[in-house]
Amino acid sequence: MPQATTEQQLLPVPPPPKPRSKSPIARFFRQWDIQLMVIPGIILVFIFSYLPMYGILTGFMDYNLFTGAHIWENPWVGFKHFEAFFHAPEFGRLIRNTVVISLLKFFIGFPAPIILALLLNEVRHMFFKRTIQTITYLPHFLSWVIVAGLAMAMLSTENGSVNMILQQVGAIDEPINFLSMKEYFWPILISVNVWKEIGFNSIVYLAAIASVDPHLYEAADIDGASKFKQIYLITLPSIIPVVVIFMILAIGNLLNAGFEDILLLATNPVLRSVSDVIDTYVYRVGLGTHRYSYAVAIGLFKAVISIGMLSMANLLARRSGNSLW
Amino acid sequence: MLKRISFSDKVMLVVIYTMLTLLAFSALYPFWNALVVSFNVGVDTAKGGITFWPREFTLENYQVILKDDRLINGFLISIARVVIGTVSSIFMTALLAFGMTRADLIGRKFYMIFFVFTMYFGGGLIPTYLLIRSLGMMDTFAVFIIPSLISVWNMIIFRTFFKGLPVGLEESASIDGCSTWGIFFKIILPLSGPVIATLALFTAVGHWNDWFMPSIYITNDKLLPIQTILRQTLNSNIVSGQSSVLDSASVALMQQTKKVTSKSLTMAMMIVVTLPIISVYPFLQKYFVKGVLVGSLKE
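Protein chains in written order, with UniProt numbering: chain B, 1 to 325; chain R, 1 to 299.
Careful, some of the hints might be misleading.
As the list claims (entries may be wrong) - Quick list of in silico lysine-lysine cross-link-like pairs, DSSO-like style, CA-CA up to 27 Å:
1) LYS163/R - LYS10/R
2) LYS129/B - LYS222/R
3) LYS227/B - LYS129/B
4) LYS229/B - LYS80/B
5) LYS286/R - LYS186/R
6) LYS227/B - LYS10/R
7) LYS286/R - LYS129/B
8) LYS222/R - LYS186/R
9) LYS222/R - LYS67/R
10) LYS222/R - LYS229/B
11) LYS129/B - LYS229/B
12) LYS182/B - LYS80/B
If you're looking for bench data, these hints aren't it; they were derived computationally from the structure.
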């Protein structure tokens, strides 16, 4: 129940109401100046966030954009598109790719920034530390087009540095076209993701580490604990609450295996059997082949599971005493 | 305080410094290599072996890019989108957030649920596409600006910040006869410099980096922002290896000028598109670190 808990936190006890001399409607119009600040936002969010929800109904229809008919004039077909998806030949591999890619991202992409924060925390030369931070935060601000472009350049057979190094050390004789070989796609996708986000995601952990009481380390020093022991016994336990919060957020996001990164890195159709996830499939069948109703149904299927996972994650969070909100 | 560092701690520090240096190198090297390749003569690049320094230095790749009308146009579209989109979105979102901080706002609780719900559930790609279509916003500049005017996430951050401002300021202003809108413009906005800077940075970067939305809503070449054009160029480079279907003008350009091959030219394009972000980035670093922490504390 994310909404309810959010409400509680975001809206503290409302102040005592002013004397009610008039009806709510009259009072509403009397405060037109304040309402006028809020209403444009309400209208915009209604149009661009709520109207598309109404479009979800087309997932239960045979919707045809090109007949020009009004949305309600399309025939209702119930769960036809959902069934078609479950029986589609792509179904199995879509689910597998979605799950595998998001699990890989979770198990590698989630701990990486924590490790980086722990390493950075041991650095005593401020200039060195700040330089490393500045450099590693940067890729987060670049678009996926740029990042994918750099990755392609690094991996290409024409002057790609990775191939050059591998040839130099004699690991391979001929340059490998990495981005057209299935077995390399997952490792590449995960590495590029880690490369892009590791620095930026370490910011929160660094902040959490900075708030650890320095006396603990002094005491440990006196007791003769090694650096490694201090990390393991002081730093890590101190940041566990933050780690748990972000882990739960990540669990709620597990079905979002990626979209832009996959779209841009897996340009070669050969890769489709390992790169296609639910989101990229929705994009391709929906906007590529105009099977709108079918694509909407799949999107809805995913959204429902995602919300279920988010609620479960939140439940977990409360159990652990680190509620998300 | 002087303390003896044990041998094992020394070893560990060496390992840590080495690992961090390697990480920074791996983060930096792709840019450096792209920069070097972009300054190298195209035909020479194809021979391979370019790593840390150009072999045959040239400015030709950049000259070609800066003469390409399509790219220049894409740049202007991107800049217009960033400026108009950021200013209007920050203003509308801040205004909404200020209204939402008012305790006497009727319907506030309902409004809040109304906004927060959209953070957890949405219509998805296809219904949004169909909506934009039926609103007649395909192939318009407005599609870059209007749908993203309100960011619920930013609204909540603004709201938290506004609530932290001293209440007395507003009260004394309203006693002096200042209207609600007057308070917003004369008191709230001038006091919100840091939070505006942080959120504007993220909004602007988001606008600059977006290539996907234009790729589905825009078919008119004249409205394509630079990122989408770059994507098409990267794509057509890959495709050109497989078939002869070339759709982008830049590829035609590459063939015109024989000396310039795709890779050096593409890298030059990438550098030019990255440059605006890299050049503002160091100055804004302190703001975004603050912003991340504000955002995550709110969670």
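Taking the hints in turn, this is what the structure says about them:
Between LYS163/R and LYS10/R, the direct Cα distance comes to roughly 48 Å. Violation of the 27 Å bound is thereby established for this hinted pair. With a CA separation close to 44 Å, the supplied pair LYS129/B and LYS222/R exceeds the 27 Å bound. A hinted pair counts as satisfied when its Cα atoms are at most 27 Å apart, and LYS227/B with LYS129/B qualifies at roughly 18 Å. About 59 Å separates the Cα atoms of LYS229/B and LYS80/B, which puts this hinted pair outside 27 Å; it is violated.
Distance check on the hinted pair: LYS286/R and LYS186/R sit about 26 Å apart at the alpha-carbon level, within 27 Å; holds. Annotation: proposed proximity of LYS227/B to LYS10/R holds, straight-line Cα distance about 9 Å (limit 27 Å). Restraint check for LYS286/R and LYS129/B: satisfied, since their Cα atoms lie roughly 15 Å apart, inside the 27 Å limit. For the given pair, LYS222/R sits about 40 Å from LYS186/R by alpha-carbon distance, which is inconsistent with the 27 Å threshold.
Only pairs whose Cα atoms come within 27 Å are accepted, and LYS222/R paired with LYS67/R is accepted, the gap being roughly 16 Å. As the CA atoms of LYS222/R and LYS229/B are separated by approximately 60 Å, the hinted pair breaks the 27 Å bound. Proximity of LYS129/B to LYS229/B is assessed by CA-CA distance (about 22 Å); at most 27 Å being required, the pair is judged to hold. Under the criterion of a C-alpha separation no larger than 27 Å, the hint pairing LYS182/B with LYS80/B is inconsistent with the structure, at around 33 Å.
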